[in-house]
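Per my numbering, the very first residue in the sequence shown carries number 13; after that it's consecutive.
FYI, nobody ran anything at the bench for these hints, they're computed from the structure.
Honestly, I wouldn't trust all of these hints.
[To be verified] Label pairs and their in silico Cβ distance ranges:
(1) H110 <-> L200: 38 to 48 Å
(2) D112 <-> E220: 36 to 46 Å
(3) G141 <-> G263: 16 to 26 Å
(4) S69 <-> E160: 33 to 43 Å
(5) A262 <-> T153: 23 to 33 Å
Note that the Cβ used here is the ideal one computed from N, Cα and C, for glycine as well.
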Amino acid sequence: AARPNSLAGSRMLRTSVRFGGEEEPTLKRTNSSPAAYALDRHSKAMEGHSTLKWSASGAAAASSAPGELLVVIDFDCTLTLLHMHETLNGDDGQTALHKDPAAFYLEVFGGSERLEKLRAFLTGLRDAGATVYLLSNGYETDLDPALEATDLHDLFDRIIGFDSINAVACVDKTAMLVQFAVELAGRLPSGVTQILYADDNRGNFPGEGDTQIGDTWKLAVTSGSQLAVPRVELVAWPAGEKQNGTGLDAGAMDAMLARVLSATAT
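Kindly produce the complete structure, drawing on both the sequences and the hints.
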């Protein structure tokens with residue numbers, strides 16, 4: 013299928029660096045795994061001074077100017093229909109991948125019709141002004157080929173796998189979301205930033221496991237000096253009816269896009 017043609021202009025020219033690194037290499041693929049993202053000065057100023065965590069809040073704040081909206085999407089059983097990394101752990105999965113990579117990835121993502129819907133969904137998020145990250149506990153050496161083969165790679169601003177999570181010593185996805193919040197708040201300190209997070213695993217949200225769509229958390233200081241806490245909201249979007257389900261369906265994609273369009277409307 014043809015790649016959407018709306019990805020023109022500055023989005024394809026963004027520069028990024030390894031999270032926490034000092035070098036700023038020039039790369040052809042600005043969202044590739046070796047060039048994930050760096051903590052900005054705001055983040056570095058907070059190192060060693062305080063510990064941040066997500067604290068339950070009310071409904072997401074309504075604002076005509078939310079600052080910046082970041083959409084973070086899990087890979088296995090959220091973006092995909094099947095759990096690709098579990099499949100690849102078996103001999104049958106490896107055999108299928110090497111025999112016919114295109115057919116393997118097509119099955120993982122749920123077929124050509126669902127792939128077309130995913131492309132339209134991700135393009136719509138970006139066209140609405142949202143920044144879009146992929147966050148996975150899988151290895152980036154598996155993620156990148158899958159996204160390349162399905163023409164989804166360039167529809168994400170950043171692709172973050174276990175490699176990058178481990179590189180900045182984050183214990184889990186919830187901690188990585190704190191890093192995103194601090195980074196974005198440092199770039200736009202005067203605006204409330206919302207992070208809309210889609211994941212099939214309810215354990216990857218800050219709550220107690222019974223997370224519902226729209227559940228919201230804000231950052232709170234748990235230790236150290238009382239520095240200004242970034243005004244960032246994390247909004248949950250559990251994918252599917254259960255963990256390891258069949259991922260985002262067409263209705264969920266439409267509902268997520270509608271929420272983003274409403275949040276970014278001026």
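Tested hints:
1. H110 <-> L200: 38 to 48 Å: holds (45 Å)
2. D112 <-> E220: 36 to 46 Å: holds (43 Å)
3. G141 <-> G263: 16 to 26 Å: The hinted range 16 to 26 Å holds for G141 and G263, with Cβ atoms some 23 Å apart.
4. S69 <-> E160: 33 to 43 Å: holds (38 Å)
5. A262 <-> T153: 23 to 33 Å: Once the Cβ atoms are compared, 30 Å apart, the range 23 to 33 Å for T153 and A262 holds.
Checked against the numbered hints given earlier, this structure breaks none of them.
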